[in-house]
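Peer 1: Sequence:
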Amino acid sequence: MIAPLVSPLPKGGRILLRAWSMDDEVGFEVGDTGPGISAEVQSHLFERFWQGRQADRLGVGLGLPIAKAIVDTHGGRIWVESEPGKGSRFRFTLPRVS
Numbered sequence: 000m001i002a003p004l005v006s007p008l009p010k011g012g013r014i015l016l017r018a019w020s021m022d023d024e025v026g027f028e029v030g031d032t033g034p035g036i037s038a039e040v041q042s043h044l045f046e047r048f049w050q051g052r053q054a055d056r057l058g059v060g061l062g063l064p065i066a067k068a069i070v071d072t073h074g075g076r077i078w079v080e081s082e083p084g085k086g087s088r089f090r091f092t093l094p095r096v097s
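Residues 0 to 97 (numbering that gives the first Met the number 0) make up the sequence shown, in order.
Hints listed in this document are in silico derivations from the structure and should not be mistaken for laboratory results. Everything numeric in this text was worked out from a predicted model, so none of it was measured. Hints may contain errors.
[Unchecked claim] Simulated restraints, written as ranges between beta carbons of each label pair:
no. : residue 1 : residue 2 : range
1   : S37       : S97       : 39 to 45 angstroms
2   : G11       : R95       : 35 to 41 angstroms
3   : L16       : K85       : 14 to 20 angstroms
4   : H73       : K10       : 33 to 39 angstroms
5   : P94       : K10       : 36 to 42 angstroms
[Unchecked claim] Derived pair list, reagent style EDC-like, types lysine to aspartate or glutamate, alpha-carbon separation capped at 16 angstroms:
no. : residue 1 : residue 2
6   : K85       : E46
7   : K67       : E46
8   : K10       : D31
9   : K67       : E82
10  : K67       : E28
Idealized CB from N, CA, C, for every residue including glycine.
With the sequences and hints as input, model every part of the structure.
Peer 2: So this is what it looks like as structure tokens:
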């Protein structure tokens, strides 16, 4: 069995997938109604090998840094918006190509 890489959503929780288009870029979002992420943890999420809960060891801490490298290489932006108890939203944008 593969272990989940994030905390499970509370019963009845929801996952949101969204995409949008603006003049010069397109954006994507993955959000949830889970436990949220503290500001301190958010400041480290895109660092290689960093893990918020050292005891869990559910991964090696490379997923978000790899995603950031890909988005950065293509001229985009990636970030997280979250508040404890109110879920999280991971967003990224990429330049529009003609």
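Peer 1: Check the hint pairing K85 with E46 against an upper bound of 16 angstroms on the C-alpha distance.
Peer 2: 23 angstroms, violated
Peer 1: Quickly compare the C-alpha distance for K67 and E46 to 16 angstroms and report which way the hint goes.
Peer 2: Holds - the C-alpha atoms of E46 and K67 are around 9 angstroms apart, at most 16 angstroms.
Peer 1: Do the beta carbons of G11 and R95 sit within 35 to 41 angstroms of each other?
Peer 2: 37 angstroms, holds
Peer 1: Does 39 to 45 angstroms hold as the CB distance between S37 and S97, or does it fail?
Peer 2: 41 angstroms, holds
Peer 1: State, for the Cβ atoms of H73 and K10, whether the hinted interval 33 to 39 angstroms holds or is violated.
Peer 2: 37 angstroms, holds
Peer 1: Hint check: K67 vs E28, CA-CA at most 16 angstroms. Holds or violated?
Peer 2: Holds, at about 14 angstroms.
Peer 1: Does D31 lie within 16 angstroms of K10 when you go C-alpha to C-alpha?
Peer 2: Answer holds: K10 to D31 is near 12 angstroms, not above 16 angstroms.
Peer 1: Can you let me know if the beta-carbon spacing of P94 and K10 is within 36 to 42 angstroms?
Peer 2: 40 angstroms, holds
Peer 1: Within a Cα-Cα threshold of 16 angstroms, do K67 and E82 meet the stated pairing?
Peer 2: 21 angstroms, violated
Peer 1: A range of 14 to 20 angstroms was offered for this pair. Does it hold for the Cβ distance of L16 and K85?
Peer 2: 18 angstroms, holds
The structure shown violates the earlier hints numbered 6, 9.
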